[in-house]
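Chain order of the listed sequences is A and B. According to the working numbering, the first sequence is numbered sequentially starting from 1. According to the working numbering, the second sequence is numbered sequentially starting from 1001.
Take the hints with a grain of salt, since some may be wrong.
Stated by the list, open to error - Calculated pairs, DSBU-like style, for lysine-lysine (alpha carbon to alpha carbon, straight line, at most 30 Å):
1) B/1155 with B/1056
2) B/1049 with B/1185
3) B/1056 with A/6
4) B/1185 with B/1155
5) B/1185 with A/6
6) A/6 with B/1155
Source of the hints: derived by calculation from the structure; they are not laboratory data. Note that the structure is a prediction, hence the values are computed from the model and not measured.
Chain by chain, the residues:
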Amino acid sequence: MKRGGKERIDDLAAKAFERQVEMVPPGKSEGEPTYRLQPVAARARVARPGAAFALAAAMFAVIVLSPVAVSRGKGGFSRYAQSLTESAEIAVMSRNLGNSLEYLRR
Amino acid sequence: MNGTVIDFGAMYSSWYRKMAVFLSTFASFRPDEVEDIAHDVLVHAWYRKDRYDPAKPFAPWLYRLARNYAIDYLRRRPATDSFPGQDGRETGATRGSDAERTRNRAFDEAAARLSSRNDPAERAAESELVRAADRAIARLSERDRRVAMLVFYEKMNASEAGFALGLPSGTVRWRVSRIRDRLRKECGIDKGGI
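Chain A with its partners taken away, still in its complex shape (with noise of 0.2 Å):
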């Protein structure tokens, strides 16, 4: 390849890229007083800990706690149906919690 030609061409699309950044308008910083400096990755990752929190304590109730209710000797289908209940009113209190330490943290 001619070296002419080449350098014509980077040439031409650096042109043509200058004046695509041209045509940009200018950010936020010329003309508005305040940066909002919390990125979106930031806020995307605000409400993770608490939830996660939240889902392994209700795991560990399901999990853990419901099967123990059913294992002790008679009248077991409505102990495990007592202890889902149970499991299920851990579970929002440990939302609940979750989402109070997540306040919190804030």
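Got chain A sorted already, so can you dock chain B onto it with the hints?
Using the frame of chain A, we list chain B on its own:
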């Protein structure tokens, strides 16, 4: 950038527009979304400024961060939030005749501001060629557009562009050669020049 100190205001005014153009190469972004993401990328870069090694050039680090941020953002975004009708080859600004006319006018105004030529005929001929190059760039694949921006506009070498885009430098060189061939063909320039 100035040594190890990264001043947010200076970084923002230097890089915001370039980031917006770079991010517009991701076809999945809505046109109105690009400017917000460019802003977020610069804020994100400022939070992570301690990770930048001042012994190395700043631009590849920032573009790499922008690319990773864009990919991460698109991965997190619900699938239903994508832009309908986006074909991966045209930017939002080139869609539809009104939008196209508006963009062409803005492109000409930018050309007039940037042109160093005094002769109107020369300036018009130059402008037409640049416009042809712009159209050819818009028809490149997303990845090729990013390569073209970093190599032709930012004057990065293959190794720096590869670092920024997560590509081996040999792949960057191959892509650049292919992009040049394509631009040459679409701008009507032969291998020895015009």
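These are the hints, each one checked on the structure:
1. B/1155 with B/1056: Measuring from Cα to Cα gives roughly 15 Å; hence the hint holds.
2. B/1049 with B/1185: violated, 42 Å
3. B/1056 with A/6: Between residue 1056 of chain B and residue 6 of chain A the Cα gap is close to 28 Å, so the pair holds against 30 Å.
4. B/1185 with B/1155: Between residue 1185 of chain B and residue 1155 of chain B the Cα gap is close to 22 Å, so the pair holds against 30 Å.
5. B/1185 with A/6: Between residue 1185 of chain B and residue 6 of chain A the Cα gap is close to 12 Å, so the pair holds against 30 Å.
6. A/6 with B/1155: Holds, at roughly 14 Å.
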